[in-house]
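Enquirer: Sequence:
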Amino acid sequence: MKYHLLSLKWSKGNHYVWWGPNNSGYTTDLEKAGVYTEEQINQKKHYYCNTSTLPVQVEVVNNSVQQRVSVADCDNYKLFGIGEHLKAAVEY
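The numbers in my numbering rise by one with no breaks, and the one at position 77 of the sequence shown is 88.
One should not assume that every hint holds.
Below, a list of computed lysine-lysine pairs in the BS3-like style, where the Cα atoms sit at most 30 Å apart [said to hold, decoys possible]: (1) 56 with 20; (2) 98 with 56; (3) 89 with 23; (4) 56 with 43; (5) 43 with 20; (6) 13 with 56; (7) 43 with 55; (8) 89 with 56; (9) 23 with 55; (10) 23 with 43; (11) 13 with 23; (12) 43 with 13; (13) 20 with 55; (14) 43 with 98.
Keep in mind the hints are simulated off the structure, nothing from the lab.
Quantities reported herein were computed from a predicted structural model and do not represent experimental measurements.
Make a model of the complete structure from these sequences and hints.
Expert: The following block contains the structure:
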């Protein structure tokens, strides 16, 4: 089995932080997250599975991913032209 390593230490609320590949750094981007084998995890269980790190099966993570657009994000608000639209829109 293959795993992503979830940093319980750095994850807050809905913002999950994953270990990077080869034990190097952290990322919030799953596409940049490292993939670790069960053998790797079992060889250093105290390092990869502890109070600050949780191995999560890649399949479980992938099944949990949701894509969404955050309109509240300032850049998206401008990109979508929401402010300009609301200035010109007629109340319904």
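Enquirer: Compare the distance between the alpha carbons of residue 56 and residue 43 with 30 Å, and conclude whether the hinted pair is satisfied.
Expert: 23 Å, holds
Enquirer: Between residue 89 and residue 23, does the CA-CA distance stay at or below 30 Å?
Expert: 27 Å, holds
Enquirer: Measure nothing beyond the straight line between the CA atoms of residue 43 and residue 13; if it is 30 Å or shorter, mark the hint as holding.
Expert: 15 Å, holds
Enquirer: Would the hint linking residue 13 and residue 56 be met if the CA-CA limit is 30 Å?
Expert: 14 Å, holds
Enquirer: For the pair supplied as a hint, residue 98 and residue 56, confirm whether the alpha-carbon distance does not exceed 30 Å.
Expert: 58 Å, violated
Enquirer: Need the status of pair residue 56, residue 20: alpha-carbon distance at most 30 Å?
Expert: 17 Å, holds
Enquirer: Given the hint that residue 23 pairs with residue 55, does the C-alpha gap stay at or below 30 Å?
Expert: 25 Å, holds
Enquirer: Decide if the proposed pair is consistent with the structure: residue 23 and residue 43, CA atoms, cutoff 30 Å inclusive.
Expert: Within the cut-off at roughly 19 Å; holds.
Enquirer: Does residue 55 sit within 30 Å of residue 43, going by the straight-line distance between their CA atoms?
Expert: Satisfied, since the Cα-Cα distance of roughly 22 Å is no more than 30 Å.
Enquirer: Against the 30 Å threshold, does the CA-CA distance of residue 89 and residue 56 hold or violate the hint?
Expert: Violated - the C-alpha atoms of residue 56 and residue 89 are around 47 Å apart, more than 30 Å.
Enquirer: Can you confirm whether the C-alpha distance between residue 43 and residue 20 stays at or below 30 Å?
Expert: At roughly 19 Å apart (the allowed maximum being 30 Å), residue 20 and residue 43 satisfy the hint.
Enquirer: Given the hint that residue 43 pairs with residue 98, test it: the Cα-Cα distance must not exceed 30 Å.
Expert: Violated, because 40 Å separates the two Cα atoms, which is more than 30 Å.
Violated hints for the displayed structure, listed by number in ascending order: 2, 8 and 14.
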